[in-house]
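Asker: Sequence:
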Amino acid sequence: MLIFPYAFVGSDTRVHVEGMSGASQFKSAREPDLSRDGRSLVYWADDGNGPGRLQLRNLSTGTERTLRRGNLRSPRISPDGKTVCFTEFRDNVWTLCAVAIGGGPVRVLQKGGDVFMPVWQDEGSLYAQVGGKFVAMDFRGTIVRPYPIEVTGSDQTAIEGPDGTLYFTKDVPSDLPKAANPQGFPIAAVFRYTPTEGVSRVSPPKTSMRAIRIWNGRLIGEGTDGKRDGIFSLAFDGTAFKFLRAGTEPGT
Numbered sequence: 005m006l007i008f009p010y011a012f013v014g015s016d017t018r019v020h021v022e023g024m025s026g027a028s029q030f031k032s033a034r035e036p037d038l039s040r041d042g043r044s045l046v047y048w049a050d051d052g053n054g055p056g057r058l059q060l061r062n063l064s065t066g067t068e069r070t071l072r073r074g075n076l077r078s079p080r081i082s083p084d085g086k087t088v089c090f091t092e093f094r095d096n097v098w099t100l101c102a103v104a105i106g107g108g109p110v111r112v113l114q115k116g117g118d119v120f121m122p123v124w125q126d127e128g129s130l131y132a133q134v135g136g137k138f139v140a141m142d143f144r145g146t147i148v149r150p151y152p153i154e155v156t157g158s159d160q161t162a163i164e165g166p167d168g169t170l171y172f173t174k175d176v177p178s179d180l181p182k183a184a185n186p187q188g189f190p191i192a193a194v195f196r197y198t199p200t201e202g203v204s205r206v207s208p209p210k211t212s213m214r215a216i217r218i219w220n221g222r223l224i225g226e227g228t229d230g231k232r233d234g235i236f237s238l239a240f241d242g243t244a245f246k247f248l249r250a251g252t253e254p255g256t
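Numbered per the working numbering, the sequence shown spans residues 5 to 256.
Simulated from the structure, these hints should not be mistaken for lab results. One should not assume that every hint holds.
Simulated restraints on C-beta separations [to be verified]:
hint, residue 1, residue 2, range
1, K137, P209, 42 to 48 angstroms
2, N53, S129, 19 to 25 angstroms
3, T70, V97, 20 to 26 angstroms
4, T256, A183, 30 to 36 angstroms
5, P152, L248, 31 to 37 angstroms
6, N96, N185, 27 to 33 angstroms
7, G165, D41, 22 to 28 angstroms
For every residue, glycine included, the Cβ atom is placed at its ideal position computed from N, Cα and C.
Let the sequences and hints guide you as you build the complete structure.
Answerer: As structure tokens, this is what we get:
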């Protein structure tokens with residue numbers, strides 16, 4: 005199941021679930037994530053009335069409730085469906101936090117450096133950018149494996165492929181057509197890392213891809229091929245960079 009925010013009236017961006025009617029309650033909805041059983045959806049939203057909202061939506065009933073208010077980002081539901089982790093700006097640092105899906109007190113998992121874009125792995129570990137590095141953490145937020153990779157830019161994503169290979173994004177100089185990036189800002193590209201082969205680029209030249217996830221045996225992410233912006237898929241070997249549909253920040 006693919007979920008994504010989609011701007012259908014100006015900046016009125018709500019989360020849509022492919023194959024289902026209806027959309028999230030709040031506009032300006034961002035970074036959706038789906039539980040493994042397909043019953044729950046989380047996202048964050050800015051409704052213009054105070055701090056951002058961490059929203060939990062029941063896809064069976066269409067009802068929503070707020071789990072947290074604050075300056076927060078990147079909510080993710082754990083594989084067992086019991087916990088939502090997210091980042092929150094606390095004491096001048098982006099901190100990794102967690103809350104039970106039923107609500108309750110917020111726990112701080114990791115605040116050793118700015119934490120960006122956490123992603124749960126199937127066995128319950130977490131990958132995230134912490135400062136200028138990618139790390140693997142256990143469910144308590146303890147770093148169990150740092151990777152020898154320098155991260156350029158913030159809000160980069162790391163995930164583990166089916167064979168254990170680390171796939172990640174980082175900023176690179178733009179090679180997009182000038183019409184697609186008039187200011188020449190750096191763009192995000194997808195790379196892979198193995199201890200034996202080191203780091204190599206996966207995404208094709210003259211493309212950009214960020215916020216990567218795994219969906220239907222492929223990488224997906226928000227990107228561009230220089231002609232269209234939207235959600236793209238990419239094979240693990242770097243072939244078949246394909247436009248899927250309009251939208252941003254896909255979740256699965």
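Asker: Could you work out which earlier hints the structure fails to respect and list their numbers in ascending sequence?
Answerer: 1, 2
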